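Residue numbers (the working numbering), protein chains in the order written: chain A, 1 to 312; chain B, 1 to 128; chain C, 1 to 411.
It cannot be assumed that every hint is accurate.
Derived DEER-like restraints, expressed as beta-carbon distance ranges [as the list claims (entries may be wrong)]:
id	chain 1	residue 1	chain 2	residue 2	range
1	B	Met53	C	Pro291	23 to 33 Å
2	B	Met53	C	Pro278	12 to 22 Å
3	A	Pro295	C	Thr176	36 to 46 Å
4	C	Arg44	B	Asp88	19 to 29 Å
5	A	Gln3	B	Arg13	46 to 56 Å
6	B	Phe101	C	Asp388	23 to 33 Å
7	C	Glu179	A	Val103	50 to 60 Å
8	A	Pro173	C	Arg28	49 to 59 Å
9	B	Met53	C	Asp138	30 to 40 Å
10	B	Asn34	C	Arg44	51 to 61 Å
Hints in this document: simulated from the structure, not taken from any laboratory.
This structure is a prediction, so every number in the text was calculated from the model and none was measured.
Note that beta-carbon positions come from the ideal geometry of N, C-alpha and C, so glycine has one too.
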Amino acid sequence: MAQALFNIFVFPGFLFVAAFGLTAEYIDRKLYALMQNRIGPPWFQPLADFIKLSAKEDVVPQHADKLVFKLMPIVAMTSILTAFIYIPMWGSNALFAFKGDLVVVMYLLTVPTLTYFLGGWYSRSVYSMIGAARSLTQLFAYEIPLFLSILAPAMLADTWSLSGISEYFSTHPWAILFNIVGFVIAIIALLGKLEKVPFDIPEAETEIVAGAFTEYSGRLLAMFRLAIDMELVVGASLLAAVFLPFGLHYGPAAGFALYLVKVLFIIGLISLARTIVARLRIDQMINFCWKVIAPLAFLQFLADLILKGVHN
Amino acid sequence: MFRPGKMTSQVLRSLFKKPVTSLYPFVKTPMPKNFRGKLRFYQERCIGCKMCMRDCPSAAITIKPVGDKKFIAEIDLARCLYCAQCVDTCPKKALEATPDFELAQLEHGKLKVVFGDTSPVSTKTETK
Amino acid sequence: MPEREVKLTIGPQHPMLKEPESFLLTLRGEKITEMTVRLGYNHRGIEKACEQRTYIQDMYLVERVCGICSHSHSMCLAQTIEEIAGLQVPKRGLYIRTLVAELERIHSHLLWLGVAGHEIGFDTLLMYAWRDRELVMDILAIISGNRVNYGMNVIGGAKRDITPDQIPQILAAVDTLEERTKYYIHVGTEEITLRERLSGVGKLSKEDAIRLGAAGPTVRASGVDRDTRRDDPYGAYGELSFDVVTDNHCDVYGRTLVRLGELMQAYKLIRQILKNLPEGPIAIKAPRKIPAGQAIGRYEAPRGEDVHYVKANGTDKPERVKLRAPTLANVQAVAHMLKDGYLADTPIVIAAIDPCFSCTDRAIATTNLDNGRTDRMEWPALRTYGIDWYSKQGIDFAELNRKLRTMRESN
Chain A
1 MAQALFNIFV FPGFLFVAAF GLTAEYIDRK LYALMQNRIG PPWFQPLADF
51 IKLSAKEDVV PQHADKLVFK LMPIVAMTSI LTAFIYIPMW GSNALFAFKG
101 DLVVVMYLLT VPTLTYFLGG WYSRSVYSMI GAARSLTQLF AYEIPLFLSI
151 LAPAMLADTW SLSGISEYFS THPWAILFNI VGFVIAIIAL LGKLEKVPFD
201 IPEAETEIVA GAFTEYSGRL LAMFRLAIDM ELVVGASLLA AVFLPFGLHY
251 GPAAGFALYL VKVLFIIGLI SLARTIVARL RIDQMINFCW KVIAPLAFLQ
301 FLADLILKGV HN
Chain B
1 MFRPGKMTSQ VLRSLFKKPV TSLYPFVKTP MPKNFRGKLR FYQERCIGCK
51 MCMRDCPSAA ITIKPVGDKK FIAEIDLARC LYCAQCVDTC PKKALEATPD
101 FELAQLEHGK LKVVFGDTSP VSTKTETK
Chain C
1 MPEREVKLTI GPQHPMLKEP ESFLLTLRGE KITEMTVRLG YNHRGIEKAC
51 EQRTYIQDMY LVERVCGICS HSHSMCLAQT IEEIAGLQVP KRGLYIRTLV
101 AELERIHSHL LWLGVAGHEI GFDTLLMYAW RDRELVMDIL AIISGNRVNY
151 GMNVIGGAKR DITPDQIPQI LAAVDTLEER TKYYIHVGTE EITLRERLSG
201 VGKLSKEDAI RLGAAGPTVR ASGVDRDTRR DDPYGAYGEL SFDVVTDNHC
251 DVYGRTLVRL GELMQAYKLI RQILKNLPEG PIAIKAPRKI PAGQAIGRYE
301 APRGEDVHYV KANGTDKPER VKLRAPTLAN VQAVAHMLKD GYLADTPIVI
351 AAIDPCFSCT DRAIATTNLD NGRTDRMEWP ALRTYGIDWY SKQGIDFAEL
401 NRKLRTMRES N
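Bound conformation, chain A alone (with noise of 0.2 Å):
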């Protein structure tokens, strides 16, 4: 029982990922400064934020579905710690594994998008309906081919679980190769999911203020701000547990050190995409998303069944 509420709690639980989802936000947001050729934040920047917007008073539209407003920052944090628990982190086994956690993950980080929706919409300001209607619409378009360049990997490793196909991949390096198309669609979808440049439609500062977020402040912005770091977190360790799993059989310590590279990589890839691009409009974004971006991770499929059957 103490087991299980440190696991819970401090590590893995929710303690480390929201230390870890503050870092992340803090290397984010200075990679993208230096890239800026600027100096970018200190390194507490995204905890005095957090502690200060926590001090500030919560205001709660006059108009706005009082319970789904407040209830929504907890949802999305919740979803998020729950999802991470089932990620592997270092050697090749989740904290809790089951046959088919993979599609409990994927569902469980559907969920944050929702409540940014249901948040916005239930703010009953325009700016915030509008960021709301935005969310949802993108949410239709990266998708699925988030689901399709994760799944490819999980076919040819034969299991529904995370922690399989980490030990596939762990033990055919090779493979990991054929799967680099899928990594990178993964990527951009994840910017999707995270809903930064250049698909940070739903948020658009210059149109719609902060879009789904415009009418929260104090505590439940605070919450909702960890919630959007952790989640840069557990889908940039989803992503290295699929797509780049290497050295699970060095240990505890050495496995977790290589954890956090390999999280750091993919946050470094997410912060120079997002120094590089412009904003994308919502209907160029949904066209590049089932023009491009879902064909090529059709493919990918379609490529790593093909490799399935020949390998068999």
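With the hints as your guide, set chains B and C onto chain A.
Then chains B and C, alone, in the frame of chain A:
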């Protein structure tokens, strides 16, 4: 012709370059030679013609006599535009712009500055 | 999106806007069906204030109409006053004025490039363009002493001379900037996300541009060959050779290309000016009292044609000053451009005219044609109206003032 991520190489090079942000309060850049900052008043040169008062766009400068052919300049730093028109107008070059621009004060009263020796006795000192 | 119409107010306070202004958009989904612009949040009464100040003071007041095109306004006013007074500005003075004008154009267009990048979520472009803009700001500071509000114009010439040791510094900065601008032209034409966001957005056909009276890069990007610098030369432009950059894209992409092209022309102009800088005095002494008369001055500011009208009555104060900033000419075109556009394109379309609302804002008095009454309010009436309005909201100023007084006294 179309290249996605055209800026990639520059962006990656900046990653290893020194940031261009100037660390202002810690590292101060020198002001250009003819910068128009806080004024300096040479009391002994002032003849009290009040041309500067007439030309000041914001009525920030007041010349007051304190003794026999001795004048002080009162400048409201909050009103001053730092255009240095008074410096150009002054026929005796009794006013000069300095590179001093850090003039923020917590109290409004401190923004009213009196230049020059207020005692009516004639002295030949130069004040800043 | 719901298919019913949504009214979205942008401004007066909104992250998109750098200055307060209000736009009311009617949306159907993501499409804009209607747009209304409401000006007037930035009205400062500068024209009226000009009438109460001397010409020397007006030069500084008008310089502060706009933070970016400060030299444009003051040079335009100086030209207009010189026209009335019949002053012949020395050659060197004209060249120095023109030099600062072109440097200002560079800084304004680089600023615009950054803002445009920011409006479409391309912050890297913002940071890079503004980093490079620092070079030209430093040059302006070296020449004039200040980074903005250069104060380089006096009636009758230029205020500060260019020393021979400044020339190599300016040329070196211009070389670097030219190289950077070439890079931005490459980025603008090749980076796919940027082109996707700029092409086909904010269409303004040649006919509409002329009909709506657009000015500056906005009208030139619609294929209209119109530039005051060439059509009605002022300063030293008559003696310099340069091309008027036009473009036939008629959209935001075209406006970007025009501005980048104008940057390249500005570098060419600066090199010519520094090469042919004549010797001699920089200014002649202007009288304090300007003889009676009136004149209109035209000036090609970075944002478009700036028009000043001055009426002098023989005293040292003007009787009437009228400014028409380029944004006022372009703002009608914006409403047209946004119609049937996407909400996501609103920021970039508004930014594409390089708006400067503080230049533009006017108090508008309407006259009822039936009874000839104006709806203008005098100060006491406005004050009573304000007090009444707040008391209806339950705010009593007498009570508040009393509280404030007791608070002050207790301190």
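C-beta pair Met53/B, Pro291/C: status relative to the range 23 to 33 Å that was hinted: holds, 25 Å
Status of the given 30 to 40 Å range, CB of Asp138/C versus CB of Met53/B: Holds: the Cβ-Cβ distance is about 34 Å, inside 30 to 40 Å.
Gln3/A versus Arg13/B beta-carbon gap, inside 46 to 56 Å or not: 49 Å Cβ-Cβ, so the 46 to 56 Å window holds.
Verdict for Pro295/A, Thr176/C (Cβ pair) under range 36 to 46 Å: Since Pro295/A and Thr176/C have Cβ atoms about 44 Å apart, the given range 36 to 46 Å holds.
Assessment of proposed distance window 12 to 22 Å (beta carbons of Met53/B, Pro278/C): violated, 36 Å
Outcome for the supplied range 49 to 59 Å, where the beta carbon pair is Pro173/A and Arg28/C: holds, 53 Å
Cβ separation of Arg44/C and Asp88/B, checked against the hinted range 19 to 29 Å: holds, 26 Å
Assessment of proposed distance window 23 to 33 Å (beta carbons of Phe101/B, Asp388/C): violated, 45 Å
Val103/A and Glu179/C - C-beta distance against the hinted 50 to 60 Å: Between Glu179/C and Val103/A, where Cβ atoms are some 53 Å apart, the hint holds.
Range agreement (Cβ of Arg44/C with Cβ of Asn34/B, hint 51 to 61 Å): violated, 29 Å
Hints 2, 6, 10 from the list above are not met by this structure, while the remaining hints are.
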